[in-house]
Amino acid sequence: MRTLVIEDEPKLAEALRDGLEREGYQVTIAATGEEGFFLVETERFELLILDVMLPGRGGLEILAALRRRGVKTPVLVLTARDSVEDRVQGLDAGGDDYLVKPFAFSELLARVRALLRRGSQDKNQFFQLADLELDSATHQVSRAGQPLELTAREFDLLEYLLRNQGRVVSREMLTRDVWKEPARQTPLDNVIDVHVARLRRKMDDPFEPKLIQTVRGVGFVLRQEGC
Amino acid sequence: MLNPFRSGHIRTRLTLWYVSMLASILLLYAAGSSVLVWWDLSRELDRHGIQDIETVEGLLQLRPDGSLFFNEDYHNHPESKRVLERFLEVLAPDGRVLLRNERLGQGSLGGSPFPGEGAGGYSPRWARLRNGTRIRLFSRRHNIGKTPILIRVAYSEDAIFQPSRQFLLDLLATLPFTLLLAGIAGYLLARKALRPVEEMASRAEGINAETLGARLPVAAVDDEIAHLAKVFNQMLARIEQAFDQLRRFTSDASHELRTPLAAIRGVGEVALQKNLGAGQYRDVIGSMLEEVGRLTLLTESLLTISRAEAGQIPLHLSEFPALQLAQETGGLLEVLAEEKSQQLSVSGDAGALVSGDRILLRQALVNILHNAVRHTPSGGRISVTVEANGDDFVSMRVADNGPGIPMEHAARVFDRFYRVDNSRAAQTGGAGLGLAIAKWSLEAQNGELVLESSPSVGCTFNLKLPRAKVGQT
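Taken in order, these protein sequences are the chains called A and B.
Numbering-wise, the first sequence is residues 1 to 227 according to the numbering used here.
Numbering-wise, the second sequence is residues 1 to 473 according to the numbering used here.
Hints were generated in silico from the structure; no laboratory data involved.
Here are the computed distance ranges between Cβ atoms for each label pair:
1) A/Arg81 - B/Asp222: 48 to 56 Å
2) A/Arg81 - B/Ala193: 49 to 57 Å
3) A/Val100 - B/Pro406: 34 to 42 Å
Computed cross-link-like contacts, SDA-like style, restricted to lysine to any residue with a CA-CA straight-line distance of at most 20 Å:
4) A/Lys210 - A/Gln224
5) A/Lys180 - B/Glu328
6) A/Lys11 - B/Gly286
7) A/Lys11 - B/Thr296
8) A/Lys101 - B/Leu289
9) A/Lys180 - B/Gln324
10) B/Lys230 - B/Gly206
11) A/Lys180 - B/Glu334
12) A/Lys101 - B/Ile305
13) B/Lys340 - A/Arg198
14) A/Lys101 - B/Leu297
15) A/Lys101 - B/Thr296
16) A/Lys101 - B/Val292
17) B/Lys340 - A/His195
18) A/Lys101 - B/Ser306
19) A/Lys180 - B/Gln327
20) A/Lys180 - B/Val335
21) A/Lys210 - B/Asp283
We put the beta carbon where it would ideally sit given N, CA and C, even for glycine.
In isolation and in its complexed conformation, chain B is listed as follows:
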């Protein structure tokens, strides 16, 4: 059987829980109230019994023949209906019945008196008549003239039980109606409260890779559900951005692959249409191989990027002097600067130790320095400066006095395949991945790669790396 408490609708479950809790509370309330009513009534009955027994004392008279006479005329117009319903028995101290009222008839209110019954109090107690009626019984010792007697007065429990039960029944009778009303109201409320969630769900269902631009509706009220919608929307925005990047990357990558492929194809087809000498064919094949080389480097870079993004490139962290690495890299690329009559200088703090992956950092520095050499005109100056940047970082600044990077490009130079000057790429062979890889590599080493450029004075790339904690002075 389907358990409604596990229903697929939160509103159904909420309503059920709510109604059942309300029912329990109301039941407790009804039971408690009825007990209170019963308690109050029983105390009132006790008071009444005590009063009545005293009245009875005054109405008992001895006839001249010595028999007991109960003057009930007094009660022809009783104020209290209970007086009519009372049971009355008068006993001699030895247990002999002196008088029983009509209502009691031949019944007995408990037989022989027990020791101390009705002496100095009224001994209120529960008892049962022979026919099973539960009664509240009071006793009182009394003297008429010189004759001691024991007066017993009792009332049926129904006198108080009946009203309490009626009270309880009345309360219970209204319960289903109350619960029904509460249930309907609760259901409607829950539905109203959850409607935004349903709307969000149905809207979210319609969102796929093609419609990532869509957003969930956000309620005007700033509540939890609106917050949820906002969080979802932010997540959608991030996914959309990631998708866009991926799409752009795929299309850029295919474009980059297409360029050398087109060259290979073109050179090959043209060569086949002509009758060429062996030397010329050699040249054609060589040119095709050059493009193949370019394709190979490009796919290697793409693999590096995809591995880097998947976190598959393991870091081998060590501590080493940054200046030494800068000098090594400068020495490696110095010939390129010399060819362009550029001055390449490396200077800085020889004691600044950094913590990082030496090979990755070196590749990043080689890329950035190579960029600087490429983009700085002949006769320019390029400097690499190493300095400790507070206690936490070491900066390696690669600065040139070339044309710099225009502001509109500054934000995107680290994007994959991004080139400030598209026409130049074909000659210099860069695919626009060097800076993207360098930035990834610095960040993987808990560092940073920042472009500090102003278009007029050239370009400065700041490679910030964590400073090694040991060996500092």
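Isolated chain A, as found in the complex:
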């Protein structure tokens, strides 16, 4: 997957390159809008990550110019401003999604995956990891062949973790995708932690290996140790 990151802050640009390359993306970095514009014109990219605040021509200007030229590459817009008008502006200029700095890297990955998957919905309904099995259609979960009794929330949480197995899931993502809440709040973080703890008690405590891992300061990941 060829990805172009147009970002003038070198530290952030490098962090994005490292993180995306680890996930298997090929990353090119442009430090100015003009450079990015030139690269998009001359090379083929499947995804653009575009900072709004750029020296010279601003990100939104570049984006609008690209869209006028018929460039249909999905664009993820990054910005430090997050008022509603800024969002609307970003989306109006032709952005496909919008991410406010500072963001969690796992959040960025989730958005990138969603953008690339757009159109080809993930219709998978049956998930498996080690001896854990979950069937979305019948709402049944079992571990080592034993059925588990989960509440609706715990089921949604587990399904989300399984859908993203091997990837770190942040509290922001859970807030938005599982709890469907509009904004992250401290109380919600606590609620999420409690639900994760309960899910662990039911599906991890009595079994080996432990599948839910906490990545301190980032979120949670469902994976088999050693993978």
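With chain A fixed as given, assemble chain B onto it according to the hints.
Just chain B now, with coordinates in the frame of chain A:
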């Protein structure tokens, strides 16, 4: 040229206006008085003329030769000086001059008589002598023996014009002096009246952000200027309060930001001084990221507050049942209560519709309920009760049986960054902004957030929202 009526000093302008108005009034007064004097004098002259003409009638005698004789001896000691100044002419009905007195000499008092002149009256009129002197002229027909004659008596207009003009001149002569006096007095008065304003201005000039505690002098008399000073002082007080709040907010905010920054720095520096294994480094970085998460939430809250205060958060008003929202929120946070073995109950009037921004209200309720769970000890009880509060409001009461909030804190719990117990904040992660945001949000929705606490029985927060007008039963 500088127009003094647009002078920068009110007192100069006031005085000028005052003096010019006074001058106009005095001029009108002088002119009016002079006209009155002239009028009175002319009427007196008419009376005098009529009397005189009758006197003249008696003094005319026919000499034996048939010529007319005017016996002026009678007037050797005249009572009135006007008698000496009179012009006298006696005509025959055909216009022949029978007699002219010395003062008139060869002059004429109007030539041939006109029809009806001096018959049955005195025909008082204005006329002019040949030398241009304006005169007041009276005529009278008379018979001496059997001879009919026409007597004309006239006086120079100067006799009355002169005194009137003198009167006017006298009045005008005193005018500049009067105006000068009035001007000086007016100027002094205006200056005296405006002095408090000048004092206020010079005092106000010295007030800046650092000296907001200063106040303008208020005059002892309760007049308009004192009122103005009071209003200014009240405004200064409000500005000072706003400045204080802003300062406190900035310093509190920096303090709050500093705490996680210090943690990040400390953890990072200490970790770099040691040789740690990969797992330990992971742990260090994770701990730093936790602080970053805290900083992120804090800056988001600060942005929310600044936007709320700038009125930049748009409201999306709708009408919905309050109980349903309470149940939803209760359901969301129930697990937290369960973890502390607390009973969380939601009850109330399912039909009570409120009008508000559902998302904002939900966030406020989540914050308040979360507070209740945090501050109520394990095994406590928390209840959310919804009830219609008259026709206008719906109350959502979040009550707990925890330690409550001591009276001395009750007034300040809604202040930003205010915490009843400072030591606990670090563990629970609250920055002390939740209640401030909740209060703002309720007020933005035309509602109210009230603390109904008594220290012994726990804490009750009352979220009052406007009741929806439609769909009521």
